[in-house]
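One-letter residues, chain by chain:
There are 2 protein chains.
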Amino acid sequence: MARWAPGALERLQRAALELFADRGYEATTVAEISAQAGVTERTFFRYFSDKREVLFAGQGHFEAAFTDALAGAPADTPLMALVTAALDAGAAALQGARSRDQVQARHAIINANEQLRERELLKMAKLARAVTAAVRARGIPDLQARLIGDLVVSVFNDAFIRWVAPGETRDLAQLQRESLGAIADLVASN
Amino acid sequence: MARWAPGALERLQRAALELFADRGYEATTVAEISAQAGVTERTFFRYFSDKREVLFAGQGHFEAAFTDALAGAPADTPLMALVTAALDAGAAALQGARSRDQVQARHAIINANEQLRERELLKMAKLARAVTAAVRARGIPDLQARLIGDLVVSVFNDAFIRWVAPGETRDLAQLQRESLGAIADLVASN
Chain A
-5 MARWAPGALE
5 RLQRAALELF
15 ADRGYEATTV
25 AEISAQAGVT
35 ERTFFRYFSD
45 KREVLFAGQG
55 HFEAAFTDAL
65 AGAPADTPLM
75 ALVTAALDAG
85 AAALQGARSR
95 DQVQARHAII
105 NANEQLRERE
115 LLKMAKLARA
125 VTAAVRARGI
135 PDLQARLIGD
145 LVVSVFNDAF
155 IRWVAPGETR
165 DLAQLQRESL
175 GAIADLVASN
Chain B
-5 MARWAPGALE
5 RLQRAALELF
15 ADRGYEATTV
25 AEISAQAGVT
35 ERTFFRYFSD
45 KREVLFAGQG
55 HFEAAFTDAL
65 AGAPADTPLM
75 ALVTAALDAG
85 AAALQGARSR
95 DQVQARHAII
105 NANEQLRERE
115 LLKMAKLARA
125 VTAAVRARGI
135 PDLQARLIGD
145 LVVSVFNDAF
155 IRWVAPGETR
165 DLAQLQRESL
175 GAIADLVASN
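Chain order of the listed sequences is A and B. Note that my numbering has the first sequence beginning at -5, numbered continuously upward. Note that my numbering has the second sequence beginning at -5, numbered continuously upward.
These aren't lab readings, by the way, just hints derived from the structure by calculation. Keep in mind that the hints are not guaranteed to be accurate.
Since the list can't tell identical chains apart, any single copy or any two copies may satisfy a pair.
Said to hold, decoys possible - Straight-line C-alpha distance at most 20 angstroms; calculated SDA-like pairs for lysine to any residue:
#, residue 1, residue 2
1, LYS117, ARG132
2, LYS120, LEU110
3, LYS117, GLU35
4, LYS45, PHE154
5, LYS117, ARG17
6, LYS45, ALA59
7, LYS120, GLU108
8, LYS45, TYR19
9, LYS45, ALA131
10, LYS120, ASN105
11, LYS120, GLU162
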């Protein structure tokens, strides 16, 4: 088999999702994923350090969607407009990179395994830190930057869970606006 | 040395904090912590699975402070009053169990080590899930319960970081009220 394997990354990701869904995450081996993708295990390990990381590839691109939107917003952008700009960019990046079916399949696999759930929690906590850093880089005080980082990730998570629910057809960005509205209603209530 | 070691848990925690602060977390061994606490290594391992866990003991009690407050609030408690009840209980539990000096020492050790920072992020993510579950158990819809879980932890984290800052003398509960107000101002802005 040639070392150069066109489309290998995408084939490995698709194969892993299929096998994890069919046989369970624990029971699936790197050898099986590689075979189903039509590549060698050596090729697998050029892309991923282990089978878990197949599910978490692309975190850098995902985070960059949020942080680039924050870095690129005009200097006088109000704070809440920064929040929605980051969320819109994150939703666009996710929806551009994956179909809802793929995201749903991944979500179901992660939800079924405590170790994967913890890895996902950590991923989102790191996203909050990255958003906080990007907000702080705009000269916004630390306190507000942290609150914005947490708010963005809370809204994303909440909208995401609804977005991947069976039967949901609305756009992720629209669900994020609703979640943000729900938080505004909550903190304004008494 | 007797198997029964009165105060061993507290002595081990104090010894670990001192040694981690003096020599660094990585360089400190379980043998050294045990020796400084005046107990055997065998005793150490009756309380903790490894040296990392000395820093994360008591998570159950800490989480229970938040979730017990939520479970015990009157049935007609408004949502934002639930949020502040949980936060007040969490602050009281932390301030009752540890001095600010101890918390500051622990915070500095964790901040200096990426593996410990990740463990702490996961701890807070789990707190958010526990709060969400306790809110949901009151019959509050899933969407709002998740937002409240995230909000409580975001406010706690934000206030906590200010509380452990050098020179800060205000009460943690008071700082939480301020953080909550800052979020309310943020989401109401435009």
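Hints, one by one, checked against the model:
Taking CA atoms no more than 20 angstroms apart as the test, LYS117 paired with ARG132 passes in neither setting, with 23 angstroms inside one copy and 29 angstroms between copies. In this homomeric assembly, LYS120 and LEU110 come within 20 angstroms of each other (Cα to Cα) both inside a single copy, at 15 angstroms, and across copies, at 14 angstroms. In this homomeric assembly, LYS117 and GLU35 never come within 20 angstroms of each other (Cα to Cα): the closest approach is 26 angstroms inside a single copy and 35 angstroms across copies. In this assembly of identical chains, the alpha carbons of LYS45 and PHE154 never lie at most 20 angstroms apart, being 24 angstroms within a copy and 37 angstroms across copies at closest.
For a Cα distance limit of 20 angstroms, the shortest separation of LYS117 from ARG17 qualifies neither inside one copy, at 25 angstroms, nor across copies, at 30 angstroms. Proximity of LYS45 and ALA59 under a CA criterion of 20 angstroms is satisfied in neither setting, with 25 angstroms inside one chain copy and 38 angstroms between copies. Proximity of LYS120 to GLU108 under the C-alpha cut-off of 20 angstroms is found in both arrangements, the shortest distances being 18 angstroms within a copy and 12 angstroms between copies. Within a single copy, LYS45 and TYR19 get their C-alpha atoms as close as 9 angstroms, which meets the 20 angstroms cut-off; across copies the closest is 31 angstroms, which misses it.
Proximity of LYS45 to ALA131 under the C-alpha cut-off of 20 angstroms is found in neither arrangement, the shortest distances being 35 angstroms within a copy and 36 angstroms between copies. Taking the closest pair of Cα atoms, LYS120 and ASN105 come within 20 angstroms of each other both inside a single copy (19 angstroms) and across two copies (14 angstroms). Taking the closest pair of Cα atoms, LYS120 and GLU162 never come within 20 angstroms of each other, the shortest separation being 27 angstroms inside a single copy and 27 angstroms across copies.
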